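Asker: Sequence:
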Amino acid sequence: ITFCGITMKNYVEANISHKSHTTVKYTMKMLSSSSETIIFMFLGVATVNNRHVWNTWFVFMTIFFCSVYRIV
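Heads up: the sequence shown begins at 7 in our numbering, then just goes up one per residue.
Quick caveat, the hints were computed from the structure, so don't treat them as lab data.
For clarity, every value in this text was computed on a predicted model and none was experimentally measured.
Don't take every hint at face value.
The calculated lysine-lysine pairs, modelled on DSS-like cross-linking and capped at a C-alpha distance of 30 Å, are [stated by the list, open to error]:
1) K15 to K31
2) K35 to K25
3) K15 to K35
4) K15 to K25
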């Protein structure tokens, strides 16, 4: 999905009106803010959970893939 979005960005922006571009831009910002809020809500619920299982491999892979995604 990320690769498709990066690839299609130039083509889509050239083929939609300015008003549609503005609508898409602010809709995506709203969706990203909502998604971030939901993620942090789940993180908070998981933090107060009584059972914690530490998985070092999962932590390292998560940090690695988040870093790669941020670079892209």
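Asker: Hints first: check each against the structure and report whether it holds.
Answerer: We went through each hint and held it up to the structure:
1. K15 to K31: holds (12 Å)
2. K35 to K25: holds (16 Å)
3. K15 to K35: holds (15 Å)
4. K15 to K25: holds (16 Å)
Consistency note: the structure conflicts with none of the earlier hints.
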